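Asks: Residue numbers (my numbering), protein chains in the order written: chain A, -19 to 210; chain B, 7 to 303.
Honestly, the hints are just simulated from the structure, not real lab data. Note that the structure is a prediction, hence the values are computed from the model and not measured. Watch out, some of these pointers could steer you wrong.
In silico EDC-like links for lysine to aspartate or glutamate, alpha-carbon gap of 16 Å or less [what the hints assert, rightly or not]:
#1 K(-16)(A) <-> E104(B)
#2 K203(A) <-> E202(B)
#3 K203(A) <-> D77(B)
#4 K136(B) <-> E105(B)
#5 K22(B) <-> D78(B)
#6 K127(B) <-> E96(B)
#7 K68(A) <-> D208(B)
#8 K22(B) <-> E209(A)
#9 K228(B) <-> E294(B)
#10 K228(B) <-> D208(B)
#11 K62(B) <-> E209(A)
#12 K(-16)(A) <-> E105(B)
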Amino acid sequence: MLWKKGWYETRTRLLIVLAVVVVITVLTMGPPPPAGAGSGPLVGATTIPAMLAALLLAGAGVKTQLGGLQRSKGLHGSMYYTLSLPVKRTRLFNVRVSLGLAETAGILVLTWSALWLVNPAIRLSATPFDMFKQGVVTFFCVTVVYSLGVFFAAFLDDVYQHWATIFTVVGTFVILNRVPLPASMHAFLVLSLASPLNTHTMPWIAMAVLLGLSGMLLLIALKIVRSLEY
Amino acid sequence: MTECAIEAVALRKSFKGHEALCGLNLTVPRGSVFGFLGRNGAGKTTTIKILMGLAKADHGATRIFGISPGDDNSGALLRRRIGFVPEDKELYPYMTVEEIIRFSRPFFPQWRDDLERRYIKTFDLPPKKKIPDLSKGMRSKLMLLLAIARGSELLILDEPTDGLDPVVAEEVLRELIVLAASDGTTIFFSSHQLAEVEQIADRITIIDQGRSIISGELEDLKQQYQRIKVVFADGIPADIRWAQGADRIRNEGRMVSILSGRNSEEIMAQARALPGTSVDTHPVTLRELFLELMRAD
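Only chain B is shown next, with the shape it has when bound in the complex (with noise of 0.2 Å):
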């Protein structure tokens, strides 16, 4: 049995000459809770789509469960194991809730009837209640039920906050955490919301301009990552060779604010070697490293 639920190599897309991907990589292990972080139009959206075989790639390779979601055979027992939860929250207009249900439970040999009924009264579904009639924020959490009493190995949720009021999406993303710590269900959810992306992941990756900047578990990547401060009596000089290997720099009056993920050591070294500088080091948060990364060079 392979280790990754999911698996991207080098994936290309482009669309109608703009380049969506450009050789991303991903890996999200079994059991973890991954956060898929970008700006719009990095290539989040692009990249679920061919995960879910709703687009294909125009090089690499993409595995899940150690099958290509890409072939129609393949692809649809696949999906058996996955839940779903596109951008669009839309389903039909003309069912009421408990007939969504009962149209998709023949679909999936391993319904959750526990997880449905727990559900349906965890987010205060009315069952009698049409579609169009629902609130978005109950679209939402229909959607999410529907993708969890699947019995899925594997959630797949494309902003599946997005809407939903600050109450709501707390009690969505409680709900994510119960499901990957009791069934250890993986999920991968792409996400603006960085505090609440930080509530709930265990391992990230952010991409941008269709790559991936960084990756790997979010613990790790706030302790390998400092901000450093370094404040010239003097004024800041105009040679930085001394911040060499820096993320990001930036400068603010008479200090330098330094993002560094790799040779924090070696740069604070060399700061305090100039003379009349002050250097102080902070942590840095997942919405710090995000904005610093996103930030223009």
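Pulled out of the complex, with its shape left as it was, chain A reads as follows (with noise of 0.2 Å):
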């Protein structure tokens, strides 16, 4: 029943945030490349910007409209419902976790199958398989911004957490920007020069940064949201 309140929660948003970030993305992937131009890389450094956008609205959407405990106190309070159920904290944050991770995998899968059916360069030269490759990539990406909304939606009112979101994953990426790392491990490259569409390999250190900084939010939420007063 959780799941199914979690989804009435998120339905409406869900629909608007994935039709922006499929636009977005098929939007910066641009035009195939004329004949004879080369083999440049698929996905280019000029797409990170538009890629952000498209992975801020993907994972602080997602988050934002998944209603949680923070959330319906400001929006209709029915939050002393929810929590006067017979459920641990504990089940009610992991499935609206859950729930929000499986939303953001839906919107990927969407995203990604709309890029193959719409840019012929990609379909020309990207193996479905690769287009997997690229999804689980960018997943572990917009994993560790939905766990940052996540985290700051545990402790900060509506308006704060989404402003708290987009300003970390902002500055983290200019950060990385100045910081000599390699491809494989910068964040945000695994989405565009460092992507399995380009390398054909997989950034396996990248994505257990990734893996393993969404943990540690995810936990570090759990702690706060079991202790937290109401």
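Take each chain as given, in its own frame, and dock them per the hints.
Replies: See below:
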């Protein structure tokens, strides 16, 4: 029933976020390269800002619409009813996070499918398996943004949590651009120049870093939610 | 099996330097209808939040049916046995009445279909109506239905009749009495409405500034406390040592009005011994008792 509740709370904005992310992603991939232009990278560095926007929308957007406990307090005060149910806070949190991640994965599947369908350059150069690999890498990236959103939602009010997520992601992006990191470890480059679509290899190190970061953020958020007073 | 539904010992809770609870003690016997009274900011909602595991006390212990409500695991099990109506009577706005009932039912193995049907009918709740389209009164009734139909052994109600018109409030109170009488459900409720507390509660606690200032069976308290009116023919004497031990003393012209809960007989004897006095005693209502105790010294 908690899953159903979560779905009711997220479905409308999920569709809006999905539409916006698909449009942004498809537009930023650019037109197919002219014949004889050589074999440049499929996913270029110029796409990074737009990919970031898509990431933020997918990650922070799904998080916000998910209706965390903080959010339901601000929106319609139904938080007290939820907390009066015989359900552990840990389970409420797990359902909330799992649903958000499932929705994020859904957005990515549809986005990359749309990309495959509308972009001839990608269709010609990348196999569906390449697209799958890129989807997995992107999911790891979005999961960090999502986890950051969940982390901020655990203790900040609605208005602040979204901005805190955006500023942190943009700040991290700026810092990472000034620190000479190997491409395989650069969290954002795995979406552009170090993308599996270009390198045809999985950036395992970057993925492990992203996974660890997400796990840490979610664990801290869970600890906060468990000890939070309402 | 513990005889107490709720036990709170020496509860303390501060918010940003302000002490909301200062050593509150509370004992709610099973099967009682317990009125929890106090002014705004006295600590009622804070206490209820601690009982529901929504907040943690800085010091002291809380037990509901002998179990601590603050722990995530035991708290969740405990909430199967508790119906709760919070101060904010808000529910999921995207659900209809029947949807929220359908949503809630699976969480409670002891869900009472009979009570669900009965209260839908008694409270005249429209099953197909969306929650935001319900009036405040209807929403309160729905909250009450959701709390009662859980098959709860304990109902914790924070201002259950707040915002209801007198007719609806009366209806809700009547149903609570029926529930307590027929199922032996313990009802713990906070209220500002002294008349309604007097109408249904068999026990009360009045709290002020985070402390319990009076607690016990309502009838006992009403018998124990008396208003003693002493009229002085020649004006009130400056020395009032004869009224020592009184809870509240108020001068009204040539009359001294005394609220006494402990040594009324002694005070009356002392007053009668004074020259030119006439002494009367009156029973006190809960309203009088509350107002007197809340009045600044």
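Asks: Quickly compare the C-alpha distance for K62(B) and E209(A) to 16 Å and report which way the hint goes.
Replies: This hinted pair holds, its Cα atoms lying about 7 Å apart.
Asks: Given the proposed pairing of K127(B) with E96(B), does the C-alpha separation stay at or below 16 Å?
Replies: violated, 21 Å
Asks: What's the verdict on K203(A) and E202(B), does the C-alpha distance respect the 16 Å limit or exceed it?
Replies: Violated, at about 42 Å.
Asks: CA of K(-16)(A) to CA of E104(B), is that 16 Å or under?
Replies: holds, 15 Å
Asks: Between K22(B) and D78(B), is the straight-line Cα distance small enough, at 16 Å or below?
Replies: violated, 25 Å
Asks: Given the hinted pair K228(B) and D208(B), is their Cα-Cα distance within 16 Å?
Replies: holds, 11 Å
Asks: Between K228(B) and E294(B), does the CA-CA distance stay at or below 16 Å?
Replies: holds, 10 Å
Asks: Given the hint that K(-16)(A) pairs with E105(B), test it: the Cα-Cα distance must not exceed 16 Å.
Replies: holds, 11 Å
Asks: Does E209(A) sit within 16 Å of K22(B), going by the straight-line distance between their CA atoms?
Replies: Holds - the C-alpha atoms of E209(A) and K22(B) are around 14 Å apart, at most 16 Å.
Asks: What's the verdict on K136(B) and E105(B), does the C-alpha distance respect the 16 Å limit or exceed it?
Replies: Roughly 9 Å separates the two Cα atoms, so the pair holds.
Asks: Has the given pair, K68(A) with D208(B), been kept, meaning a C-alpha gap of at most 16 Å?
Replies: Violated: K68(A) and D208(B) sit about 34 Å apart, past 16 Å.
Asks: For the pair we were handed, K203(A) and D77(B), check the Cα-Cα distance against 16 Å.
Replies: holds, 13 Å
The structure shown violates the earlier hints numbered 2, 5, 6 and 7.
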